[in-house]
Amino acid sequence: MKVATLQSDIVEALSLPDLCRFCQADETWVIELVEHGVLEPIGSKSGNWKFVGTSIVRAKKARRLNRDLGINTAGVALVLDLLEERDALLRRLAQNEIH
Amino acid sequence: MDFKDYYKTLGVSSDASADEIKKAFRKAARKYHPDINTGADAEAKFKDVNEAYEVLKDPERRAAYDQLGQEPPQAQGRYQPPPGWDSGYEFSSGGAEHDEAFSDFFETLFRRGAGPTRGMGAGTGQGSDVHGRIEITIEDAYRGAERKLSIRSPVVSPNGGVTMQDRTIAVRVPKGIAEGQHIRLAGKGSPGLGGGKAGDLFLEVAFAAHPVYRPEGKNLHMDLPITPWEAALGGHIIMPTPDGKVDLRIPKNARTGQKMRLKGKGLPGTPAGDIIATLKIVNPKVETDEARALFEKMAKEMPFDPRANLGGTKR
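Read top to bottom, the protein sequences are chains W and C.
Take the first sequence: its letter number 84 is residue 84 in our numbering, and every next letter is one higher.
Take the second sequence: its letter number 96 is residue 1096 in our numbering, and every next letter is one higher.
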């Protein structure tokens, strides 16, 4: 079977409905994440929000943690902060361990 | 098809209560969750644990599974369920809230002749999005690349049942993509129903571990070894980067741990990332008389005490 190479694009920015679809979540849940400071959209009102870069990654992680482990929004916010702190420490550790 | 010991996976005995099973599952799910556990086999373990729980949490499925016996028949080493093993048990198949397929064992026993799963009801509708992961090298991200990818996803067959289908797709990895970003392949998710639009395929990008570079967003961190005389005298050195060789000026009296920023030499884009090189002074191994003489000359003629600030008494 011949496989055609597909055109693909990088997901750069998502609107609120796009992010909901992307995470298979509803708007209330996404808005709650914004209120907890987990996601930082560009734009003043939810109608023109744009989610970029780390917000997309964090939203997806948050959704997985919520779905798989039943963690609520406050808990997800804390876990994500701690995970980022841990990853930064692991990077520094890796840097000091080399050679 | 291999037999799966779901009790062993969850670390419970075969007469464990529903509460014990739930507790064991929650504990294991936290431990092996791929967003928390960065170990290489965490994802597979997490999937196993979920599969085991998917069966054992449901009394009907658990009873049907127990009927199979704890140990697989040894014949030919391949597991075949006895005919009629599930007669008298009714369980709804599917139901897992995960995109990806479970093991062949699970799919054969519990998803056979499955009815439509949630969100895939009959009628017209947009196909669901499919999420996956793709691992690329840092070099791929610099230049862009093409990858062949095998995707296994549930597909609704004409009679309304759900079967797992393997597809091979060629994916163009766009130049300049960073770790954690997503590639979207429009219309390559699950097909739509009754003429509905197909969903999209989203691939989360992960970088394979690299011997030199540690990515952080669009920036790449690295250690840059230099000689003691390059460090002392400064000057230009040629260093390789994924983008080609670059000329880097080392300042006079450079120290180990000093960071040099190579602007725009990180992952491409607007703006491009940087390479952040941490200097590391490396001593040559002294093996010839000439080399030894040079170091002896330094020892004699250079008053330098790197331990001057350690404090304590001198004696």
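Keep in mind that the hints were calculated from the coordinates and are not lab data.
A virtual CB, placed ideally from N, CA and C, is assigned to each residue, including glycine.
Mixed in with the good hints there might be a few duds.
Claimed, not checked - Simulated DEER-style distance windows between Cβ atoms: (1) C:Asp1041 with W:Asp87: 13 to 21 Å; (2) C:Gly1039 with W:Ala88: 17 to 25 Å; (3) W:Arg91 with C:Glu1296: 36 to 44 Å; (4) C:Ala1232 with W:Glu97: 22 to 30 Å.
Unchecked claim - Below 20 Å or equal to it, Euclidean Cα-Cα: the simulated SDA-like pairs (lysine to any residue) are: (5) C:Lys1197 with W:Gly70; (6) C:Lys1023 with W:Leu93; (7) C:Lys1022 with W:Gly70; (8) W:Lys45 with W:Asp68; (9) C:Lys1031 with W:Gly75; (10) C:Lys1031 with W:Leu69; (11) C:Lys1259 with W:Asp68; (12) C:Lys1045 with W:Arg91; (13) C:Lys1047 with W:Asn66; (14) C:Lys1218 with W:Glu12; (15) C:Lys1027 with W:Trp29; (16) C:Lys1023 with W:Gly70; (17) C:Lys1218 with W:Ala94; (18) C:Lys1031 with W:Val79; (19) C:Lys1047 with W:Arg63; (20) C:Lys1057 with W:Glu12; (21) W:Lys45 with W:Asp26; (22) C:Lys1218 with C:Glu1139; (23) C:Lys1022 with W:Lys50; (24) C:Lys1263 with C:Met1222; (25) C:Lys1022 with W:Leu78; (26) C:Lys1031 with W:Asn72; (27) C:Lys1031 with W:Asp68; (28) C:Lys1027 with W:Glu12; (29) W:Lys50 with C:Arg1184; (30) C:Lys1245 with C:Asp1166; (31) C:Lys1175 with W:Lys45; (32) C:Lys1045 with W:Lys45; (33) C:Lys1023 with W:Ile10; (34) C:Lys1218 with W:Leu69; (35) C:Lys1175 with W:Gly75; (36) C:Lys1218 with W:Val57; (37) C:Lys1218 with W:Glu85; (38) C:Lys1218 with W:Arg91; (39) C:Lys1027 with W:Asp26; (40) C:Lys1218 with W:Arg63.
Hints versus structure:
no., hint, in the structure
1, C:Asp1041 with W:Asp87: 13 to 21 Å, "holds, 19 Å"
2, C:Gly1039 with W:Ala88: 17 to 25 Å, "holds, 19 Å"
3, W:Arg91 with C:Glu1296: 36 to 44 Å, "holds, 40 Å"
4, C:Ala1232 with W:Glu97: 22 to 30 Å, "holds, 27 Å"
5, C:Lys1197 with W:Gly70, "violated, 32 Å"
6, C:Lys1023 with W:Leu93, "violated, 34 Å"
7, C:Lys1022 with W:Gly70, "holds, 13 Å"
8, W:Lys45 with W:Asp68, "violated, 30 Å"
9, C:Lys1031 with W:Gly75, "holds, 16 Å"
10, C:Lys1031 with W:Leu69, "holds, 10 Å"
11, C:Lys1259 with W:Asp68, "violated, 41 Å"
12, C:Lys1045 with W:Arg91, "violated, 24 Å"
13, C:Lys1047 with W:Asn66, "holds, 16 Å"
14, C:Lys1218 with W:Glu12, "holds, 14 Å"
15, C:Lys1027 with W:Trp29, "violated, 25 Å"
16, C:Lys1023 with W:Gly70, "holds, 13 Å"
17, C:Lys1218 with W:Ala94, "holds, 19 Å"
18, C:Lys1031 with W:Val79, "holds, 13 Å"
19, C:Lys1047 with W:Arg63, "holds, 17 Å"
20, C:Lys1057 with W:Glu12, "violated, 40 Å"
21, W:Lys45 with W:Asp26, "holds, 17 Å"
22, C:Lys1218 with C:Glu1139, "holds, 13 Å"
23, C:Lys1022 with W:Lys50, "violated, 39 Å"
24, C:Lys1263 with C:Met1222, "holds, 14 Å"
25, C:Lys1022 with W:Leu78, "violated, 24 Å"
26, C:Lys1031 with W:Asn72, "holds, 18 Å"
27, C:Lys1031 with W:Asp68, "holds, 12 Å"
28, C:Lys1027 with W:Glu12, "violated, 36 Å"
29, W:Lys50 with C:Arg1184, "holds, 17 Å"
30, C:Lys1245 with C:Asp1166, "violated, 42 Å"
31, C:Lys1175 with W:Lys45, "violated, 33 Å"
32, C:Lys1045 with W:Lys45, "violated, 41 Å"
33, C:Lys1023 with W:Ile10, "violated, 40 Å"
34, C:Lys1218 with W:Leu69, "violated, 31 Å"
35, C:Lys1175 with W:Gly75, "violated, 36 Å"
36, C:Lys1218 with W:Val57, "holds, 15 Å"
37, C:Lys1218 with W:Glu85, "holds, 19 Å"
38, C:Lys1218 with W:Arg91, "holds, 15 Å"
39, C:Lys1027 with W:Asp26, "violated, 27 Å"
40, C:Lys1218 with W:Arg63, "violated, 25 Å"
In the structure shown, a violation is registered for the earlier hints numbered 5, 6, 8, 11, 12, 15, 20, 23, 25, 28, 30, 31, 32, 33, 34, 35, 39, 40, in ascending order.
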